[in-house]
Each structure stands twice: as C-alpha cells, then as structure tokens.
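In case you want the letters, here they are:
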Amino acid sequence: MYGLIEELYPICRSITGNGVRQTLERISRRVPLQIHEVPTGTQAFDWTVPREWNIEEAFIEDADGNRLIDFADHTLHVVSYSVPIDEVCTWDELRPHLHTLPDKPDWIPYRTSYYKDNWGFCLAHRDLDRFSEGPFRVCIRSSLTDGSLTYGETIVPGATDREFLFFNHVCHPSLGNDNLSGNVVMAELASRLRQRKRQPRFTYRFVWAPVTIGSITWLSRNKSIVPKIHAGLVAVLLGDAGPFHYKRTRTGSAEIDRVVELVLKEQGVAAKLLDFSPYGYDERQFNSPGIAAPVGRLTRTPNGEYEEYHSSADNLDFVQPQYLEESLRVLERVVTVLEGNMCYRNTAPDCEPQLGKRGLYGSTGGTQPKEREHAMLWVLSFSDTQHSLLEISESSGIDFDVVRAAADDLLAAGLLQPCTDE
Amino acid sequence: MYGLIEELYPICRSITGNGVRQTLERISRRVPLQIHEVPTGTQAFDWTVPREWNIEEAFIEDADGNRLIDFADHTLHVVSYSVPIDEVCTWDELRPHLHTLPDKPDWIPYRTSYYKDNWGFCLAHRDLDRFSEGPFRVCIRSSLTDGSLTYGETIVPGATDREFLFFNHVCHPSLGNDNLSGNVVMAELASRLRQRKRQPRFTYRFVWAPVTIGSITWLSRNKSIVPKIHAGLVAVLLGDAGPFHYKRTRTGSAEIDRVVELVLKEQGVAAKLLDFSPYGYDERQFNSPGIAAPVGRLTRTPNGEYEEYHSSADNLDFVQPQYLEESLRVLERVVTVLEGNMCYRNTAPDCEPQLGKRGLYGSTGGTQPKEREHAMLWVLSFSDTQHSLLEISESSGIDFDVVRAAADDLLAAGLLQPCTDE
Amino acid sequence: MYGLIEELYPICRSITGNGVRQTLERISRRVPLQIHEVPTGTQAFDWTVPREWNIEEAFIEDADGNRLIDFADHTLHVVSYSVPIDEVCTWDELRPHLHTLPDKPDWIPYRTSYYKDNWGFCLAHRDLDRFSEGPFRVCIRSSLTDGSLTYGETIVPGATDREFLFFNHVCHPSLGNDNLSGNVVMAELASRLRQRKRQPRFTYRFVWAPVTIGSITWLSRNKSIVPKIHAGLVAVLLGDAGPFHYKRTRTGSAEIDRVVELVLKEQGVAAKLLDFSPYGYDERQFNSPGIAAPVGRLTRTPNGEYEEYHSSADNLDFVQPQYLEESLRVLERVVTVLEGNMCYRNTAPDCEPQLGKRGLYGSTGGTQPKEREHAMLWVLSFSDTQHSLLEISESSGIDFDVVRAAADDLLAAGLLQPCTDE
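Protein chains in written order, with the numbering used here: chain A, 581 to 1002; chain B, 581 to 1002; chain C, 581 to 1002.
Next comes chain A alone, as it looks inside the complex (with noise of 0.2 angstroms):
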C-alpha cells in the first residue's frame, strides 16, 4: 500500500482533470475499476458538474527572471482551480493572491478555489523573504474548459443486492493522509475481497470519487442504489500514527454504527466514537435528509485535528505503513463483523433444547459450563428474531467470534433459522 502511495503522490490531483484519470488508472492495476466520465455541465441534484481543470506549468518570477516559487516544485504551490494568467504586478496586486501559515513557516498550505473564478499561489511563510519589491512575472497556464468529472468504482457481487458501500475522495494533490491513505487502503481491501473463494452475504461497492461534487454527482446517478446500501463507510485519513474515530450516522442507531463501535473496543486501544455533525468529508451528503443512507466515518486522526492537515506537511513521512495495515485489519474485521451479525429464530423454543444428545454439552453435571457452551445458551436464548448476534454478543460479554461459531454449531444442528430479512 505504501509504495502504491509513493507513486501517486506527485500526481496534481483536482476535483477534475488528467490528475485524478492518472490516479485511477494506477489504482486500476490494483484492483480493476468502472471509471465514470461526467460531462461539465450534468445537473447533480443542487450542482453542475463544473469545467474540468487542468495545470501545465505555474511560476512567478522576480524582474531579474528568478522563480521565487516553481509550481514543478510542489503541486500546492498553486491553488486548486486557478484561472489561467500571465501578467507583470506589482507587490500590492500580488500579495493578496499569496497564501502562507504564520504559524507553521515551513510548510505549504493547500488552498481551493473551485467554485469562484480566482487564482493564487501557497507557498512557504519563510519564503516570503524572497519577495523584494516587484515588479513580479506571474504565470499559470492552466486551462478551465468543458470536458468531465472522473470517478472510479469497482463492485464485489455477494448473496444479495444490499450494498456495503466504502466511498472515499481522490480530489486532493499531494497530500499523503488526506487522502492518498484511504485511496490505497481501500483499494487492497477491494482487491482482497474480489480474491476470497466464498461469495459474501452482501455486495461490497468501493467508489473513488471527489469530494462534496463527487459524491453529490454519484449519489444524482444512482439515486435508485440508495436503499439497497445497507450499509456504508467514507473511509479516509487511515495513514497518521492518530487512534480511529468513528463518526456515527445521523441517526447513530444503524448496524454499521454499532459493528464498528464493537471492533474498535476489540483492538483494545484508544478509540473515539463521535456523533454525526453535517460537517466533513462524504459523510455530509450520504446523511442528507433526502438520502439518508446509513453511512458512517471512519478515520483516525479525524480532518482538521492534526496540524499537518491540508498542508505539505501531510506528506509521506507522516503517513507510515504499519498504520495503514492497521487500517485495513480494522476494516476487514468491520467486514467479518457484519458479514457475521445474523439474526435468527430458535427452532426449539420452548425450553432449552437439550445440548447433550446432540452432543453439544459437557455430560458430567455439577460444574460450570465452558465459555463456548455458555455462548450457545445465549444465542438459543435470544433468537426469538428481535436480537443480532452481535448484539448477544454484547449483552452477554462473550467475543463476537465465539458467539458466531456458537451459532454455527447450533444451525449445523437445525436449531436455528436465519431470519430472511434480506
């Protein structure tokens, strides 16, 4: 994953353009992708697809014809979605179009402007200094013309059409966590599911799209999958050394709620659940009150909690390995989980069936039962239809995967019947 990252990281990636194509095509060797062209223009809902934009070169150049800043150099260097220039300014005409962090002088920020006509340049505060009085050359050939949004999904058929849908952004130029980190985390998971020989229960959907028109874009062209989604996650900024943190849906009582909250208590570290809040990455528009899907969060260090965040400093040191495998654990886990949580019906339900005939229960009375029988009362017990096995696992303190082999046990021996609930 890694090293998947390492290349995509000097792509300049927008919300359109050759960047993000490139992006996919890469990711495409991964895992094969269904990549999507809209054209500018489509309605989306309240949105137009905008012009698509794309950058060849962009500096700006003291009298003497010295690049102070070199949009080779860096591909923040220049606000996203700059309108095309090349003009002589002066310092005053040009200073409101430099953007730098005070506080951090070493690093780049990374500023858009998709939706305004404008141009800018983000550089370095320290750099500044290389700023004398003017006249400065400044030239951004960059082009803003009809032509499409990108995106990219691929699709995991399972037993049913109810979808667990794993949406992340690919808009973002070279920033390592935000989002490269999610862009190949679930690219491997995608690839891993495609390799597993049993067809899973659900159908997994991966889309790879911008952020905010992105995904308002996906969701105008398939309003009709919508409530098929069973299920969804914006998976994204999985690369920092951060503990995760689950955003709830806005309902914060749907399935995939309480199938992470369980596997964030499993890995035992510091985790931190948060309720929905209309502000963030996808998250926002899946949770509209005209979509309403139930699709949560999940990231570790969350957007704007880090100081790196939207800056050079989100670079590939700051994103490390183990952690993305961390990432991708958790998320196959989340698979296993709600691949797992069933609900089913006792076939025996009145009274206890007895265990022993079936061979199913220690036969010398008189002492405690093993964990694993123990499991077995509880799932016989509260398969009346009304209780998931995950949430007998949590009611009786027993580890999910105990429970689910329990269930199996006792469907092996026809005592239970899954509820056809799908």
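Do not rely on the hints blindly, as some may be mistaken.
In this list, chains with the same sequence are indistinguishable; a pair is considered to hold if it fits within one copy or across any two.
To be verified - With a straight-line cut-off of 35 angstroms between C-alpha atoms, the simulated DSBU-like cross-links for lysine-lysine are: (1) K777 <-> K696; (2) K808 <-> K937; (3) K845 <-> K950; (4) K852 <-> K950; (5) K808 <-> K845; (6) K684 <-> K950.
FYI, nobody ran anything at the bench for these hints, they're computed from the structure.
Using the hints provided, position chains B and C relative to the given structure of chain A.
Frame of chain A, contents of chains B and C only:
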C-alpha cells in the same frame, strides 16, 4: 416593578374580596385587564366558589383597653377568612386562636382557614409577652357573604390561537415575594408584549387569580381553551436573591420544559430543575390528569424553601429590584426562544444545496467554515420535520440565536419550509 | 424451617427416585401437596423423562476388605445416576472415576451424570491417601429402570386465575443451601398464604420439582397455564449469610422486576441486581423464547459464587435459621407489594378534588401537608391508568405502604376506580 410592589404591599388580599379587586385595579393601570367576577356558590369541578370575605378592623384588647394586636398594623395579624367575632374571653379560650413562630420570635406567620369556619390571630412569638392573665376583648369586624371570586386576565393576540399561558396568584396579603413579585413581573411582561410592533406567533394570555380555587374556577370556565394551550408557566416568587428553580410539567417532555431548560442554561448561573410533583402552586391544577396542560413553574427559591416564606419577613426588603429585572429578562428570553423554535422541511434534501452560489458560504475552500455556516449545515441536515431549532441547537452546541439566524438566511434563500404544525 | 431441613438433609435425592418422593412426603406434612408422577419416556418438548434412578448401597474396598469410601457415610460419595457396578479394578482403572477438590482437600464434591451412562465416586481429596496400589472392589447397587419423575405442587386460589408462580428445585442430595433452604422457605410461605383469611388477588402456585428436566416437564404439561403467569420467582439458595441477589426476567421490565427491586431497596441492606443470563437454575426455562414467562430469580449468594457450592461444605452449618427467616420475610413482602400494586383511574380528574370537604386534608392552610396528604395528591395526580402505585411510590419517594394507604382512603371516598386489567 418595585414601585408597584410598594403600592400593592399594604392591601389585605385573600382568595376573594375587595383586596383582590383593588390589586387588579392597580395592575390594570400598568396593563389593561379584563376583570371577571364569579358568584359565590358557582360550581367549579369538585369545588364551590366560597362566600366573599372582607375585613374592616380586628384587634385584641386587654382589660384596660390596651390594644395587644391590631390588624391595622399588619394584614397578616388576622387568619384569612376569620369569621366575625366580638367577645370577651379568657387566656385559655384565646390561646388556641393565636399563631406564632417560636423559632422566629420576631416574625408574624401567615395563616388561612378558607374552608372551615374559624378565627385566629397571628403575631410575633415575642409579643405573647404582652398578654397577661386576661380577660381579653377579641374583635374581628369581618364579613362572609354571598359575593364573588375575582380574577383578571389580559390577552395579546398572536398569529395563531395556540396559547402561551402565564398564570400567577394574587391572593396573598402583605407578602412581597409570595406573590407580589410575580404579580408585577407578569404585568411588566404583558405590557411589553402588547407594545411589540410585530405580532407574535402565539397568543399570550396572562391570568391573575387566587391560588387553587382561582385556577380551578378559571379552568372550569375555560376548559375549551385547554387544548389550545401550547405552553404555560406558573411564574411566581420572582423577587428574592435565590437561584431559579424550574419545575417541569407532569410528563417532563413538553416543549416548555426544553425551552426553559435551555434559557436557564444560557444564563450560566446555577439553576435547578425539579421534576413535577403534585404539591406547590397552581401548576397542580394544570397538570391534573383531566386537564394535562403543558404548564411548568418558574420561581426563584421555591415555596417553603426559604425561611421567610409565609411570614412577615417576606417583606419589601426581601424582594429587590435587580432580581425582579433578572426574572423578567429570563421570561422574555423564554418567549423569544419559544417563538423562534420552529420545525422546518429542507426543500433541497438530496445532498447539501450549494450554499456558495447563493452567497451563503465562504468561497475559498480548504479552511474551516464559520459558525454561521456550520449552523446552516446543521439546520439543513436536521430539517427533516422531526427536529426543532432548539433540538438542533442542543445537538450542535451552537447558540440558539445563531441557529435561528441561520434558519432565517436559509428561509430567505428558499431552502426551508416551515412545518405547518399550527 | 431449620428443623425440616435437618429432617430432609440425610435423604439421597436425585432428579428421579424415592429420595424426591420421601422429600415431598415430608414437605406435605407442612403444606398439603399434590404429587405428580410422569412416566419414564414421556416426551417433554425436546427432552425425554429419563429412567428412574435409585440406590441402595455403594462402596470401594481394598484388597483386605477395608471400606475406603462408603455411600452410607454421605450421599455425595456417589455420582448421581451412577450405573450399577460390582467389579474388581486396578488403580489406573479406578482413578478416572474418582472426583475430588484438590483446593479444598476436606470437602466432597457433588457430581452428576444424568444423561450419559457412567459411574463415579466423590471424596475428600485428602482421602485419596487411603488408596494404596489396589486392586479395589467397586460396588454400586443402584438401579436405572422405567419409573417416573416426581414433582409436587400446591395452589392457593385467588380472586383471579392470574398466577404468581414460585418454583424451586428438589433434586439435590445432602446439600443444605442448594436447595433444602428453598424447599423449606417455600413450604413455609405456601403454608402461611393458605392460612390467610382474606383471599389474595392472585392465585399462588408453588412447585417443587427436579432442576431442568423438572421445570421442562412441568412446562410441557402446563403450557396452557403460561399465559396466566403474571409473575414468578425461582426462589432458591435462601439460607446462607450472603446478601440477596435478584436476577431479572429476560426483558428486565416485568412487574416482578420492579416489585423485588423495591422490596430489596426497602430492606436497606446491600442487595445486588443481576441482568438475565441464560445460565443458572430453572429461570432459564421460564425465560426461553417460546415460554417467555415473567419469572425472575431470588437467591442469597448465587450458584457458583460461594466456595461451599456443590460440596459437602454446603451443610447444616452453612445454612442458619435467621437467614431463612429473613428470606421468608422478603418473600412475604414481595407478595404484599405485588398484591397491593394496583393501577387506578382518578374519578375527579379535572383539577384536584377538594379533599378537605371529605375530611382527608388538614383545614388550616399556609402550612406544609403531611406525608399521607402528599401521598393522596401523588396518587390522584398519577392515577391516569398509566401509573401503578409502585411507580408512584418510586417517583414520589414515599413509602409504598403510605401510598397504598392513601389509595385506600381515596377509594373509600370514591375518588379512585381500579383499572380492571385482570
């Protein structure tokens, strides 16, 4: 407000009689009142309007004609509703009719005997010393005759006939906090609401009536209004230095409960929330199972919890202008929040509407939105007809006024529709 | 009660056989029982009534004819349901059939093998010293034959056929707390209820039966009674010095749950409330999803949580008369509260009825009402058919008995009507 208290303080009020009439007449100089007279003998649910009580003079003299107690000195000296008497009696005959507070030897207690024919005097325990062996002449020139029970009300019409009812009792004699404080704060609040240029959303009704029999009589004559009561407050005991105490409605889940809780929290001062109990003031009647109107109670220190309660120490010193003003401010804020606490439907519910193109959102991306922008996102996300602005303020932690202003901006932009629940 | 325990202690009980018959016969001298015999082979839901087990003699002798263990010394010496045997065997053959408690070298464990043909001896770990090299003669003169399973019950008829079921197990051999304590407390409680002059509101049923197969058999023969079970308790392990433990019904929201919680709180002693779990005694069967009867469990120290549990140390010293009496007192109180926990409709629901004119309220106003008067106001306010007296006691903080007495006064005054929910 304090001036009006000074004016009302010397008047001897009871549950009927000229004291109440004089009091309502003075209040009506501040805000016009409609005065109602309900004849003695009128049935009011399980109760009957009692005979009217008036008193001219009352005293106890010793054998030498020295006045040991004189009603002219303090209205509390006579047990309210004492029957007329003019007799000579011994100390042993007199003693059971004398009420004192041995623990507070300088204070005169307040006692009543509305529903059992009796007579009595209240005096400072220390003044028992004035009584030698007797005999004593006991004289109470009172009258108990067919007359009427008097109450006053004023209405400020709103856009709907759903009402916000303010009820306060007006039957206590020279007691400052209980309840001249409530009488004058209500008068001031009613007067201010009348003077507002903009018509309020709710119709406001203020009632000044005797305690218990007054609210029972009012309810028995206005039962058709009960279903229109959207919210109500018994607002009394508002002039002492103690912290606010809000007593919830019987269910504890009415809108008025949440509104007052929010307002008291906003004040940032220690306030106490009490669950409903069927003892106290007229909230008992409004919350009885057959009425079940959502009426809470706001006081500062509650009845029975300050030592001056129901004694001559609840006087013009115990009540102070700054506390009356603070109480008025809190009640005005309750009105403001209840008026503004609407529920909306997001008219662009599929994903977020594009706020930027409507000038409602900052245009340079990559930075954190401002509080007002946050508030707009919250309102849009939760305007699914199920959440009021107050609830949105509570879950977001954003001040109610900011949420309200954000909703106003969204309304102006056509992005919200009010839920016509009235 | 302790005398009856002493009488029952030496009897060798098991889940079937003459030990249970003798035990029920002795209990029926205290309270008349109806004895039921259910033949071997009878189907009971998923179970089958097993063969009847009886035992005459059992011992192990060394080569010199010295008895190393003798069933005549203690009923626990033989694994319950041991098949008959009379053989000579080596130490290696014998050892797997010997059960000891190495941590408690002086105690004999209690072991059973009801559903797998086997045999064994239980002995103090210290007594393994008696065994030299062997050979040993092993003799168990037991019989496993077609017979029947025996249980006893007694019914105290009430005004309705809705039942309060008390269930206790009667299958353990010489173990004092588990469960002779329950057997005798139930006998005493049943006897006292029978002797009451006033017919109770509920019908009381007491069942003495073997654990697990007993409750399963009882339920399979009485499924039509299940819907009539208004409340139930498995009341066992009632003679040790430990604190009370109440295990809730499966939903945790049955009336019996609230009643027992109130009663234990009233005791003012440390008591513990446990959520339902499907391991324990016969509450497992009553709470299985197909039965779902509201049956909780009251014990002192629960099964498995005292070290004497299922060993010879659970003897006549471990159980003490004062704890039996305290348990009986608590259970009688549970009966009293459940009997008195009615739900009413206030017949004068519009405002408060005038209590004073009915002699129910103090006549001199201005002072605080007494607790009984307070209780009447609470009952009137919450007698809206939705709140039981127990709930009113809980919300008001007024003792249940005071609330009950207030309701009786109001009933006498015609101010309440019972909700005929039965």
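To test your reading of the hints: which numbers does this structure violate?
Number 1 only.
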